[in-house]
Amino acid sequence: MPGVCRTTNDVSRMNDVTARPEVVAARGIKVTFGAVKALDGADLVIHAGECVGLVGHNGAGKSTIVNVINGGLTPHAGDISYGGNVGQHGISAARANGVRCVFQELSLCPNLIVNENARIMHAELAGWNWRAKALALVERQLREIFPGHGIDCDSTVDDLSIAERQMVEIAISFAGLHDRPKLVILDEPTSSLDAGLAAQLMAYIRRFVGEGGSVLLISHILGEILSTSDRIVVMKDGRVVADRPASEFSTRTLVEAMGNVVREKEWLRSSDKRGGTAALSMPARRGHGLPFEAHRGEMIGLAGLGGHGQTEMLLDLYLSRNGNWWPARKGEIAFVAGDRSLNGTFPLWSILNNLSIASLGNLSSRSIVDQGRETSLGDGWKKRIEIRTPDMENRILSLSGGNQQKVLFARALATTAGIVLMDDPMRGVDVGTKQEVYEILRSEAANGRTFIWYSTEMDEIRLCDRVYVFREGSIVAELVGNEITEQNVLAASFSGGEAA
Amino acid sequence: VAGPVSALADTSGKKIALSNNYAGNSWRQAMLTSWDKITKDAVSKKIVAAADPFTTAENQATEQAAQIQNMILQGYDAIVINAASPTALNGAIKEACSAGITVVSFDGIVTEPCAWRIAVDFKAMGESQVEYLAKKMPKGGNLLEIRGLAGVSVDDEIHAGIQAGVQKNPQFKVVGAVNGDWAQDVAQRAVAGILPSLPEIAAVVTQGGDGYGAAQAFAAAKRPTPTIVMGNREDELVWWKSQKDKDGYETMSVSIAPGVSTLAFWVAQQILDGKQVKKDLVVPFLRIDQANLETNLAGTQKGGVANVEYSLEDAQKVISSTK
Amino acid sequence: MNSARILFSKPWIWSFAATVIVWVVTVLFTGGASSLGLSQAALTFAAFSVIVGIGQMFVITLGPGNIDLSVPATMTLSGTLALKLMDVQDSMIVVGLLVSILLGFAIGIGNYVLIKLLRIPPIIATLSMSFIIQSTAIWTNRGLRIKPPEVLANFTTSSLFGIPNIAIVALILSGIAWVLLEKTIYGRWISAIGQSTFAARMTGIPVDGTRLVTYILCAILASICGYLLASFSGGAALNMGSEYLLMSIAVVVIGGTAVAGGNSNIPGIWGASLFMFLVVSMLNTYGFGAGFRLILTGIIIIAVILVAGGRRANR
Amino acid sequence: MKISSGTIRLIIPAASLALLLAAVFYMQPRAMSYTGLNLLFNLAVPIALATVAQMLIMAVNDLDLSMGTFVSFCACVAATFLQSSPAIGVLILLGAIAAYAAIGVVIHIRELPSIVVTLGMSFVWGGLAVLILPSPGGEAPGWTRWLMTSRPPFVPMAIVASVVIAVVTHFLIMRSSVGVLIRGVGGNVRSVERAGWSVIRIRAGTYALAGFFAVLSGIALVGLTTSADANIALRYTLLSIAGVILGGGEFVGGKVSPIGAVIGALTLTLAGSFLSFMRISPDWQIGAQGAILIVVLALRLFLNRLEKREKSR
Ligand SMILES: Nc1ncnc2c1ncn2[C@@H]1O[C@H](COP(=O)(O)OP(=O)(O)OP(=O)(O)O)[C@@H](O)[C@H]1O
Ligand SMILES: Nc1ncnc2c1ncn2[C@@H]1O[C@H](COP(=O)(O)OP(=O)(O)OP(=O)(O)O)[C@@H](O)[C@H]1O
Ligand SMILES: [Mg+2]
Ligand SMILES: [Mg+2]
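Residue numbers (the numbering used here), protein chains in the order written: chain A, 7 to 506; chain B, 289 to 611; chain C, 347 to 661; chain D, 446 to 758.
If you are wondering where the hints come from, they were derived from the structure by calculation, not from laboratory data.
Check the hints yourself; a few may be wrong.
[Unchecked claim] Once the Cα atoms are required to be at most 20 Å apart in a straight line, the calculated SDA-like pairs of lysine to any residue come out as:
id : chain 1 : residue 1 : chain 2 : residue 2
1  : C       : Lys529    : A       : Leu79
2  : B       : Lys328    : C       : Trp485
3  : C       : Lys462    : D       : Arg724
4  : B       : Lys382    : D       : Leu592
5  : B       : Lys303    : D       : Leu592
6  : B       : Lys590    : C       : Lys529
7  : B       : Lys423    : B       : Glu538
8  : A       : Lys139    : D       : Gln473
9  : B       : Lys382    : D       : Arg620
10 : B       : Lys567    : B       : Lys510
11 : C       : Lys462    : D       : Arg750
12 : C       : Lys462    : D       : Glu695
13 : B       : Lys461    : C       : Gly633
14 : B       : Lys325    : D       : Leu744
15 : B       : Lys411    : B       : Thr399
16 : B       : Lys510    : B       : Lys532
17 : B       : Lys590    : C       : Val434
18 : B       : Lys510    : C       : Ala379
19 : B       : Lys461    : C       : Phe634
20 : B       : Lys461    : C       : Leu517
21 : C       : Lys529    : A       : Gly367
22 : A       : Lys139    : D       : Phe616
23 : B       : Lys456    : B       : Lys510
24 : B       : Lys382    : D       : Thr594
25 : A       : Lys242    : A       : Ala263
26 : A       : Lys139    : D       : Met619
27 : C       : Lys462    : D       : Val740
28 : B       : Lys567    : B       : Glu538
29 : B       : Lys605    : B       : Asp561
30 : B       : Lys303    : D       : Arg596
31 : C       : Lys462    : A       : Lys43
32 : B       : Lys303    : D       : Arg475
33 : B       : Lys590    : C       : Pro495
34 : C       : Lys529    : A       : Ser356
35 : C       : Lys430    : D       : Asp728
36 : C       : Lys462    : D       : Ala736
37 : A       : Lys43     : A       : Leu79
38 : B       : Lys529    : B       : Gln589
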């Protein structure tokens with residue numbers, strides 16, 4: 007959330023923080039995965055009562071160092087200490103020292119009820135009435151972080167939306183039955199949250215830190231890093247390249263520290279492309295609200311609060327145009343998944359196979375896949391969007407989260423489809439790459455491709471030609487051109503909506 | 289084949305059920321056909337009110353036990369059983385007996401004392417194979433034994449008979465044994481696997497239905513055909529006949545006749561009729577020799593099993609002979 | 347060195363290694379005299395497992411819960427029906443083959459209709475189907491054994507240059523299956539579906555169509571196998587497929603196909619099929635009783651899997 | 446009131462059981478009695494226990510193909526050692542449970558597919574059973590016989606036992622905190638691991654528990670049949686899987702329901718009885734078993750649809 011004001015006493019707060027005891031210190035950490043040096047001598051020290059922001063490009067090693075601190079990964083060199091004591095390592099040691107972690111990919115058990123998930127995360131929830139205790143614990147914490155959340159803690163995680171799951175996971179991690187956690191690591195916690203929820207979380211982090219807890223916050227949304235952290239650590243290629251108080255950074259300097267050049271946004275909206283027959287249309291959802299329409303070459307945004315029917319509409323649009331029994335003769339529509347592990351990646355396959363699967367029709371003659379053409383397609387896209395891997399034959403899971411997302415992007419763009427549906431596709435993609443992808447999207451749109459883009463980030467919504475705002479499953483407002491402002495979108499998502 | 293009706297009105301209201309544990313081979317199919325033929329006739333002549341056959345999907349004692357319990361609920365007066373296990377049905381059979389139901393077991397017999405047994409002496413059947421071989425080749429030789437399904441009593445009994453026979457005739461030596469599971473393709477597979485490592489085989493002793501498969505396996509391995517004891521299947525008999533016509537090949541064939549189900553039916557009817565019947569009856573196995581091969585072959589359905597069906601008189605003869 | 351590492355990373359290599367060991371141990375019993383005979387027998391009988399195994403592998407590749415339990419019944423019905431139809435006439439051989447392929451086609455559709463319409467897990471759907479097929483087989487000719495046509499029987503039991511004809515047929519079918527799996531779009535599709543049906547759907551794969559084709563393929567291969575097996579063993583028996591239920595699954599998984607779906611390989615099926623035949627032969631040769639034979643078979647299977655393990659099971 | 450998805454998963458199997466039972470009563474009113482119910486259901490008790498065991502394995506995303514042979518093995522032990530020298534019998538059965546735990550550990554450590562390992566184990570258990578009882582026989586220990594044939598007042602033993610099994614396992618797996626861990630492993634192993642639990646221990650424990658229920662199944666079976674043989678329960682492998690599915694469980698994802706599993710086992714048993722009451726020609730009796738499975742599952746689908754329509758309203 008850019009534009010949130012910083013308090014003026016930040017700097018003075020910084021100084022007494024560094025004097026406080028270390029909660030976790032990782033020094034000289036090296037981790038390699040085969041040929042990839044994920045961490046190459048990285049240092050990270052977190053003190054009590056501070057919020058450390060961790061930023062870096064996709065694959066910089068952020069999640070890896072998290073895994074080291076969390077005990078899940080044993081470094082090949084370097085040492086870790088918890089509360090000043092060296093020598094103990096492992097998941098249990100980390101947990102015993104009050105380290106909790108919200109991972110980048112959601113890690114709740116989807117088959118369990120919310121309070122049962124709390125039981126998994128908190129071993130101390132035992133005894134006869136553990137259910138009641140767990141329920142009270144989660145509910146209290148949820149209320150504290152996300153007032154007015156509306157999540158039913160008796161439901162199975164499966165039945166929750168992706169944002170609700172993220173909220174539950176965050177709440178469970180901050181909760182403590184006997185003692186509160188000392189350090190909570192948040193690896194891209196807001197990637198599925200809308201602006202309002204993200205703001206609530208950031209406010210809570212400040213309160214938590216104020217009460218003496220520590221937070222390690224990883225995010226690609228620089229606004230929230232700048233506004234929330236006391237200190238910012240920048241990583242690049244497995245090393246820490248900057249570690250300074252947050253007040254010494256601005257968005258520009260931060261981006262530069264990460265190794266990217268800030269490009270001025272000079273996004274010229276193309277002229278109104280409506281008129282003629284629609285490339286894609288759909289009557290009003292659930293019988294009320296506005297109908298949906300998209301024309302050739304348009305970039306359409308789906309906005310509104312998270313989980314208000316945008317993803318469902320994308321799925322419906324896609325499935326209505328795609329046979330389940332017979333291969334579509336020419337792929338006219340492509341989809342970029344946001345929930346990678348659910349409907350995006352094929353975990354057993356190489357990066358190349360994951361990339362090419364949607365365009366096999368063009369890569370083959372008489373149903374036999376031409377592997378030469380497939381490889382060159384892969385190499386082309388590897389260069390074009392910088393997929394960080396030594397070899398496209400590596401497994402997709404060896405990529406960092408952001409890079410996996412890039413592969414999904416390339417999968418859709420590599421097809422000949424005239425319409426591309428995108429379900430919040432920039433989750434976890436770093437700033438530099440985002441700029442490049444925006445660039446690609448723009449040129450593709452100019453060539454006549456239609457993009458329908460659900461995003462939780464206002465910056466991206468602002469890039470669209472036309473925006474549909476969703477509320478409670480249907481479209482409540484349509485914004486065109488200069489009407490697309492944060493204010494208008496927010497107004498439409500909260501109010502009854504003038505068009506409803 | 290059905291005998292003349294001795295119209296005993298006493299049983300005309302009685303219902304008899306056949307509980308059969310397996311229908312997956314030609315022997316069982318012949319058994320069901322015989323049952324069908326004889327009992328339909330009996331029902332139409334109002335000797336009994338019903339004679340319904342029931343078969344379980346898989347050869348499982350538990351499933352058959354459930355089947356018997358259902359028959360109790362359905363109010364049958366007698367249950368004729370070909371049992372999956374001699375002992376595992378005892379619980380269900382005890383319940384049937386205490387519900388006043390007459391239980392007659394045959395082929396796969398049961399040990400529960402309240403039931404009748406129409407038994408074949410499987411041990412003697414095994415022994416007779418070795419005795420035949422001893423007569424045919426006094427010098428003895430190497431034997432290959434094809435066994436049935438492991439863990440089933442019939443397999444164990446025939447095997448015991450063969451062992452006893454070999455003990456009495458030490459000039460024979462069992463040099464290899466495989467389980468053919470009473471299925472021809474399994475037998476063929478198993479024999480083909482062990483054959484390359486076996487010395488010269490003088491004879492193959494079997495449990496029924498595997499003879500043809502064994503012959504095929506020997507032919508495939510280009511080994512001289514030993515004396516293979518057959519199991520009364522038509523294809524075995526045809527093969528034997530062709531070998532006999534070619535070079536005077538000699539062997540024997542022995543098995544239990546599928547028509548024994550009809551004997552069991554009549555025995556059940558007689559018991560319901562109030563006749564005194566011993567709990568243990570013995571039927572001879574059906575043996576085919578060089579001399580009567582042609583006659584038996586002529587009377588066997590193409591692709592079927594050599595068979596004998598029983599009439600009421602035959603049954604009465606069997607009953608009175610054991611008195 | 348490097349090529350050796352690549353070779354050892356192939357999951358199927360282990361089933362072949364095990365096969366060779368078992369073969370040597372068995373042949374040692376007779377001081378080498380039985381090597382030719384044993385190899386020929388192994389090739390012959392492995393061929394049948396390979397043919398059904400390939401079909402089963404395609405189905406297993408479709409992902410968790412996908413197993414075709416109707417394979418044995420399909421084999422039985424196909425053998426019974428084809429032999430009855432051919433009725434010992436050489437002129438009917440091709441017709442018989444066509445009918446059994448057609449039968450497989452129909453059974454495959456039947457299986458998938460059950461799975462799709464009733465949303466039954468495939469294991470249960472194909473199990474139910476197998477009961478119905480088995481009944482049909484009983485009903486068609488009540489287990490009477492009809493002989494195969496002379497020419498067909500000779501073809502299935504003889505060999506070309508010392509390689510059994512049946513093995514050659516299986517080899518050709520494996521070749522086709524390999525191309526299908528490794529080179530074609532269809533192969534990619536089933537693997538994708540096996541890893542994540544939803545993701546497959548969202549990349550534009552016609553999931554239902556692909557799965558339908560796969561079940562049909564499996565049933566057709568089972569049908570062909572039943573046709574060949576009945577001809578080979580001189581007639582169809584009602585229980586002739588029952589061996590192949592566990593066998594078809596065992597050769598697939600021992601051969602290195604991920605049971606979780608999405609990953610499959612054909613050489614492994616050959617290795618595993620030869621292995622399964624030779625293990626039983628070895629234990630028979632050394633004269634173990636049924637009890638010990640079963641125990642050792644189990645232990646050997648687990649041992650092979652343990653050595654070959656380390657395949658990342660992906661959950 | 447909002448119906449949780451767990452409850453829905455229960456209502457449907459229960460409703461299909463009730464419908465089937467009504468059909469059976471209609472066709473055979475005699476079944477509507479104390480003895481009738483006992484005869485209908487007593488053989489479902491060991492199946493229910495085996496189904497619960499299978500369900501535990503399925504809860505951690507595995508599948509046990511050795512269930513049938515293992516129950517057979519346990520039945521053989523129960524009918525021989527447990528009867529003649531109880532101490533040795535108990536030791537053997539404890540050993541078997543330990544073997545199950547070991548299988549769980551091996552599967553976990555080596556990341557092996559459970560299907561293959563249990564396929565191998567099915568040979569091992571089968572072989573051991575043949576060694577113990579080369580031919581059918583043995584005798585049920587008096588106490589199991591007594592337990593399985595006892596006649597409690599009002600409600601027959603079969604029903605009492607089924608209810609007890611359902612309630613106990615429901616508490617154990619759905620309500621207790623240990624059960625949460627077991628299902629958690631099925632839902633998301635990594636998250637359980639990252640929360641500091643030893644997944645090896647959970648898996649081993651789950652397998653041991655499954656082994657325990659399978660042992661109970663073998664003992665109960667022998668109590669009903671009075672004796673055992675090596676092939677006595679081979680069918681339990683498929684029956685138990687079908688039971689779990691009928692009861693609303695799923696192959697992956699730790700979605701299981703113990704009450705559903707017991708209901709599934711009862712349904713399968715009842716479906717068999719339903720058939721024998723129908724008097725079908727022997728040719729088609731086997732096929733009818735398939736048909737009835739299909740009908741029961743179609744019923745489930747139908748009720749499912751109904752339920753969904755209710756819910757979306
Ligand atoms: N298990 C693995 N095998 C191989 N390479 C790995 C593995 N885990 C991580 N890597 C590599 O290590 C590097 C660091 O990955 P990491 O996940 O820490 O990045 P990240 O900074 O979290 O990126 P993102 O912002 O995309 O989440 C990446 O290049 C990644 O491809
Ligand atoms: N099964 C697997 N095989 C190979 N690499 C894996 C596997 N699972 C995870 N990884 C990689 O291990 C690294 C550590 O990832 P982890 O799952 O802890 O979360 P993360 O780093 O937050 O996620 P990501 O790397 O996707 O941003 C990641 O790079 C991930 O891609
Ligand atoms: Mg990351
Ligand atoms: Mg990462």
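**Prompt:** Can the restraint linking Lys382 (chain B) and Arg620 (chain D) be considered satisfied, given a maximum Cα separation of 20 Å?
**Reply:** Given that 20 Å is the threshold and the Cα spacing comes to 41 Å, the pair is violated.
**Asked** Regarding the pair Lys139 (chain A) and Gln473 (chain D), is the alpha-carbon distance no greater than 20 Å?
**Response** 51 Å, violated
**Prompt:** Quick one, are Lys605 (chain B) and Asp561 (chain B) close enough, alpha carbons at most 20 Å?
**Reply:** Distance ~16 Å between Lys605 (chain B) and Asp561 (chain B) Cα, so the pair holds.
**Distance restraint between Lys529 (chain B) and Gln589 (chain B), which requires alpha-carbon spacing of 20 Å or less** = Distance ~15 Å between Lys529 (chain B) and Gln589 (chain B) Cα, so the pair holds.
**Asked** Can the restraint linking Lys303 (chain B) and Leu592 (chain D) be considered satisfied, given a maximum Cα separation of 20 Å?
**Response** 33 Å, violated
**Message:** Please verify whether Lys462 (chain C) and Ala736 (chain D) have alpha carbons no more than 20 Å apart.
**Reply:** Measuring from Cα to Cα gives roughly 16 Å; hence the hint holds.
**Message:** Would the hint linking Lys529 (chain C) and Gly367 (chain A) be met if the CA-CA limit is 20 Å?
**Reply:** 13 Å, holds
**Request:** With a cut-off of 20 Å on the C-alpha distance, tell me whether Lys462 (chain C) and Arg750 (chain D) pass.
**Result:** Holds - the C-alpha atoms of Arg750 (chain D) and Lys462 (chain C) are around 15 Å apart, at most 20 Å.
**Message:** For Lys529 (chain C) and Leu79 (chain A), compute the direct alpha-carbon distance and say whether it is at most 20 Å.
**Reply:** Since the Cα atoms of Lys529 (chain C) and Leu79 (chain A) sit roughly 38 Å apart, the hinted pair is violated (cutoff 20 Å).
**Prompt:** Holds or violated: Lys423 (chain B) with Glu538 (chain B), Cα cutoff 20 Å?
**Reply:** It holds: about 12 Å lies between the C-alpha atoms, which stays within 20 Å.
**Given hint Lys532 (chain B) paired with Lys510 (chain B) - CA-CA distance at most 20 Å** = 19 Å, holds
**Item:** Given pair status - Phe616 (chain D), Lys139 (chain A), alpha carbons within 20 Å
**Value:** Given pair Lys139 (chain A), Phe616 (chain D) holds - Cα atoms ~18 Å apart, limit 20 Å.
The structure shown violates the earlier hints numbered 1, 3, 5, 6, 8, 9, 10, 14, 20, 23, 28, 30, 31.
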